[in-house]
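A.B. asks: Each protein sequence line maps, in turn, to chains A and B. Each residue of the first sequence is one higher than the one before, starting from 236 at the first, in this note's numbering. Each residue of the second sequence is one higher than the one before, starting from 236 at the first, in this note's numbering.
In short, the hints are calculated from the structure, not lab data. Beta carbons: idealized from backbone N, C-alpha and C, even for Gly. Possibly wrong hints are sitting among the right ones.
[Unchecked claim] Just a few of them, taken from the derived set where beta-carbon distance is under 7 Å, the chain B residues facing chain A:
#, residue
1, Leu257
2, Trp457
3, Arg465
Number of protein chains: 2
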Amino acid sequence: MFFKISLISACLLCGTAVAENLRATGDLGVVIEREQGSALLVNSSHRTVLKRVEALGDLSHASVVFSRDQRYAFVFGRDGGLTKIDLLRDKIDKRIVQAGNSIGGAISQDGSLIAVSNYTPGGVKVFSTETLQQVADIPALYQGDKRSKVVGLVDAPGQRFVFSLFDAGEIWVVDLNDPQNPQIQKFQDIGKQPYDALLSPDGRYYIAGLFGENGLALLDLWRPELNVRRILADYGKQDDKLPVYKMPHLEGWAMAGDLMFVPAIGHHEVLVIDKREWNLVKRIPVLGQPVFVMARPDGRQIWVNFAFPDNQHLQIIDVKDLSIVQSLQPGKAVLHMEFTPRGEEVWVSVRDEDRVMVYDTDDFSVKARLNAEKPSGIFFTSRAYKLGL
Amino acid sequence: MFFKISLISACLLCGTAVAENLRATGDLGVVIEREQGSALLVNSSHRTVLKRVEALGDLSHASVVFSRDQRYAFVFGRDGGLTKIDLLRDKIDKRIVQAGNSIGGAISQDGSLIAVSNYTPGGVKVFSTETLQQVADIPALYQGDKRSKVVGLVDAPGQRFVFSLFDAGEIWVVDLNDPQNPQIQKFQDIGKQPYDALLSPDGRYYIAGLFGENGLALLDLWRPELNVRRILADYGKQDDKLPVYKMPHLEGWAMAGDLMFVPAIGHHEVLVIDKREWNLVKRIPVLGQPVFVMARPDGRQIWVNFAFPDNQHLQIIDVKDLSIVQSLQPGKAVLHMEFTPRGEEVWVSVRDEDRVMVYDTDDFSVKARLNAEKPSGIFFTSRAYKLGL
């Protein structure tokens, strides 16, 4: 009897304690700490670090996607590691090493599948988001039994994934409505050495950058019968004597209304493209070689960071008149930015200062500074709802 | 000693039980049951009802917004009731009756403030999302001490709210960066009897429908110095002999890329407007008077429901070629639709069948049927991240 009472009391006590710690997932995020292979779980409402999760492998080129319910973060490491982090229990739920050398991944529209693009062996593997068990293997075969590195993997509407074959110069669209029986549509001769790609936020346009020649390869997923065509024929490395400190990530390109903002390779410029005709509208001079060119969620501002030796700076473009309205110096080695879901603040990772800075995007004031060990990528759970990541 | 051990054991037991019930909030939603003043909490991944929450007052014209972390749903009732529902504890957290007759509300960009627009007494009241305590009262005064009904209230970037004064023919923009000291910008003579309004998804264009005359009132929030101007001069009731069964809700208008899809008042047509010039591109014939005209999140499809006597139907427009691709008959009195965040499914409330239907948007198959008492509005937590709701 005494035991019964104490059990009930204890349950009430525990229940209260647990209830007070109930956590919603809409304002959570993950900050990658690249050197030590760990991640910080963060809360963007309170601008706080909740927990450090360790033993995530080689995160020198890491990216993150989120489950449909926003409970789990899937971290893709450079070493082929795929780690599922539980954001409610602050710990690793499952971890596998699925290949020797990986470059990124995506989650299917319905949230049931994770796809990973691999360099070695070249191809895409598909896993159940729930169990991390493999459900499909798509080797990137070309010219018989050669295998190509895979890059630029994104999810697309209709339970599809789209990716590019670096060595083969191809773009593949894979329909995984029946995961046991992937339907692959191949587009060949799309250009030499596609090295990265992006999907427009509406899931319609897949655009691959070409390392081996100038221009970009464009696939309109609403009109695949038009085939892949070349746009912006002048875009590329252009001048072999120009030093390129870092090839820009295409995922870091920004779409705001009809305008696409693109880092010029090797030049101190952001290019503005009108996507109705895919023509160049303006070159905006900036203070270094741009790396990430990211749009605030409302499309009013574009935030730009830079390659070494100018990577202590940020510049902000006002989309209204396509001019620089603000320059900031967050500190040494500004690597990445992530906007809060409705864009009132932006989180900035400053690697060499071991710090994440939070700015108000309206008046550019500093709202918070958080400690982090060599932070790189920042990813909020709002990404769960986005296409093409 | 015995007590201590039992307490620890009990805590472990309880802890386990609670841990198994941990709930993320990214795939939750609320279905309004209008007749009985209740709401169903639902999960869109598993297509299940989690719980019915009752005693929400008069929900005959209810709308819902979500807190920044997606933990709380704020339900605005017709009777001036404002109810905060805890989606993790499945119950009402707080409830106030803040006015005599209310029409809707919005949540501020940073998530800290809830604004409610009232008919009686005419004006906007602002509350803390945390406590529901009033922090500002903005009476809709005009011509001295007259008070106007307030309609078309939306949130906008920069911690602002925008709304229209039905009786005064004005649009007000309120900056609440300092809630104790609201900064109001008034636009007068915008047209007779604005009855509802919408904000474009990027937060830039505020468009009010006019009951008292033809055309729409447009305010470009990026260029307020241009003042409010009239667009679509022919849009309106037009023919006094034409029966209008239901004035369409402007919140139900859809933007997909540069195109805006608008229900024609009194006609069996959906109008397609190009927002670059605000000109009419096409009239698409449909089988009844359209009420809600909603874009799938990727903008590829537009789903349309209808006023009585055609409200058992749904029609789907393919944006690629602006033609009807599918017609469905979910049942009697289709009142509302809500897309899952990435658009692979849509939930449809069918009031007179006491049922919510879930469709696959790719092949239009029925994925689930859920029981609900006279369901009307459906609202998913993904709205937490959207501007202008």
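A.B. asks: It remains to establish, for every hint, whether it holds in the given structure.
C.D. replies: The hints, checked one at a time:
At its closest, the beta carbon of Leu257/B sits 5 Å from a beta carbon of chain A; the interface hint therefore holds under the 7 Å criterion. Because the closest C-beta pair between Trp457/B and chain A is about 5 Å apart, less than 7 Å, the hint holds. A cut of 7 Å between beta carbons decides the hint on Arg465/B: the least distance to chain A is about 22 Å, and the hint is violated.
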